[in-house]
Amino acid sequence: MDLFLQALANGLILAGFYALVSIGITLVFGVARIINFVHGEFVMLGAYASYWLYVLAGIDPLLGLPLTAAGLFAFGAVLHRGVVARVLHDPHENQILLTFGLHLVLQNVALLLWTTDSRSIPVPYATAALTLGPVTVGLGRLLAGAAALVLLGLLFLWLGYTDQGKAMRAVAQNETAARLMGISPSRMYLLAFAVSAALGGAAGGLSSSIMAVTPVMGLPFLIKAFVVVILGGIGHVLGTAAGAVVLGLTEAFAGTYLPMGGTWAEGTGYLLLIAVLALRPQGLFGREVQG
Amino acid sequence: MRGLVIRSVGLVMAALLAAGIARTATAAEPVVIAAPLELTGRFAAYGAPAKRGMELALELFGPEVLGRPIQVLFVDVQSSPQATVSAFTDLLARRGARFVVGPIASPIVATAIGVAKQYKPIWIVPGSSTTTLEREAGAEPWFFHAYTYDYHYHKPLAAALRSLVPQAGTQTIGILYDDGAYGTEHVKYARKFYTEAGFKIVLEETIKAKGTDYTAALAKVKQVNPDILVGLVQTTDGILLTKQVRETGTRARLLVATVYPSLPEWRRAVGPAGEGWTGVAPYVPGVSWPADQKYPKLFPKTADWEALFRKKFGQEPSFPDVLGYEGLAQLLIAIKEAGSTDQDKVMAALRSLHLTTPLGILQYKPSGEGTLNQGYDNMLVFQVQKGNTVVVYPPDIATGKLVYPIQSQ
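Chains A and B supply the protein sequences, listed in that same order. Going by numbering that gives the first Met the number 0, the first sequence opens with residue 0, and the numbers climb by one from there. Going by numbering that gives the first Met the number 0, the second sequence opens with residue 0, and the numbers climb by one from there.
Only true hints are included.
Straight-line distance between alpha carbons at most 20 Å, and here's what the computed EDC-like set of lysine to aspartate or glutamate pairs gives:
1. B/K219 / A/D1
2. B/K116 / B/D341
3. B/K154 / B/E184
4. B/K191 / B/D376
5. B/K221 / A/D1
6. B/K293 / B/E305
7. B/K209 / A/D116
8. B/K296 / B/E58
9. B/K293 / B/E58
Simulated restraints, written as ranges between beta carbons of each label pair:
10. A/P258 / B/T194: 18 to 26 Å
11. B/K310 / A/L153: 47 to 55 Å
12. B/K119 / A/M259: 35 to 43 Å
13. B/K364 / A/L7: 50 to 58 Å
Worth flagging that the hints you see were computed from the coordinates, not collected in a lab. Keep in mind that this is a model prediction, so the values were computed, not measured. Glycine included, C-beta positions come from ideal geometry on N, C-alpha and C.
Isolated chain A (complex conformation):
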């Protein structure tokens, strides 16, 4: 039972982090219909931003999170205005090629700037163990998970209760109707992309003290994020959160209970993905679209 509870706790914490990483992809796809392969690099850049804030200015990664997110918001806005906006109405293939190219460019720029050295912020709380009955969790990981939940909660509130959030949802539902209501879709696209970058950056900032920060760290997160959004239903915010819980728990329980679980944990996530694609291609929360 102790092992079960430990696996449950590990899975839920993992889920919170996966949700934060993935939600940006869903947001951009839901609003602008772009499959964003550069999202993993937002995570990487956020991690480096937090790292350098700590090294150069002594700012704790959690306290520096608003700065990191704001920096990535601005970067996302510039990237959208300068590059991504040019392919908004192009075929998906062009958009995928462009964002994949941006992923390669940003990764290599990071390699040039910061080399392949692995870095991480050695704040003491990141590796402190918190024991609650039979369950032990890392304080840094717990704080990261909690911060992820807070950010996701704020995102839901923003989308549900603010004019901008409602306008964004309107564009996601029907761009023409939204335009007739006086909403500028191009502004919403930019906003969605920038918010997505900020969320990715925040995820990176949260990871900077509990994981290794490297120029190539974005890709594993990108792959996980795609699994999550496809599980939940691409473009569906609530579905993404559910997909993150499913993936986090699946990985944690597979890793704990299967022999050689470290290898199988990811594999079971992909098996689940294949099953969902075969049986319910629209994902757990997505709606079927008739062609």
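Position chain B relative to chain A; hints supplied.
Just chain B, lined up with the frame of chain A:
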């Protein structure tokens, strides 16, 4: 008579001219050494310091060997298999290099074997611990492995633990290894040598190479509760593993790694969570090898060599710095001792070397596992104590004692 004088003077002048031309050509002809290294890309942490080490070796050796200038062709193989094959082909086929030092990382060295077999240069590899290299190139007489293989890591580690850990009761070992080539190869030797040393392995579990979470595997470790936890992963994964061992409250009496706790980037990244980790490395700063008797300028006492390095680069050397240094230095010494750049003579000179370097004793001999020219078989076992790497084994160069059990996590 006049004709004879003119003909004689002409012949002498022609002979002098020919000799002069020949001498000019020989004097101008450099000894070309190719140095294909991972200067960028994912293995730049090995290749870039190795280049630094080679630059220092060149500076200390001097600009000439056999009265000819030394030309080292540094080429960036970009940590990429394709770029490595292209670089080797260009260096060996087009530029005619007959001496090669590098690259360092196992996957990159492996991709160069085919081209090296085609052109057969004298190839000094001051890195790459994979036994794949031994199987593929070990038997070649022109291949010189100036580093240790995977099995050289675990033999001294097992011996050190057997000798240093109190023997009351059978100590149990849990092994976490990455599911990539690194972990799966290392675990074979870890299993063999720890078992032979009398330890009982109670857990072998894979963790994902380049993973993002190891808490599930560590939950299994806590269930089994081994005395010693061994983590067979590479540096980036080592950082995550070290942090998660601490944050999950995994309480082994000893935490054992491979080489990564000797690297400054690991120490900076993990901070206090690295305290007590034990590792194995060919070199750690502060190791106390004496000066080489024959070449004390190139291989002074390790502390003096480190001071030279610090003076030039303003930082402590890491082991890839040393790999590049000793790789080039030994080749230059061999060429000098051969008195020629003739390949057979230089190979013979390399085989007769006996040098004391910052990596220990360099002496080429068969490895016993398939490599004809294996340069090193010694490794240091060290422990991180108060943020410093302290050599705990072998006893003759130990700078401190193993702390066992380590402080409560």
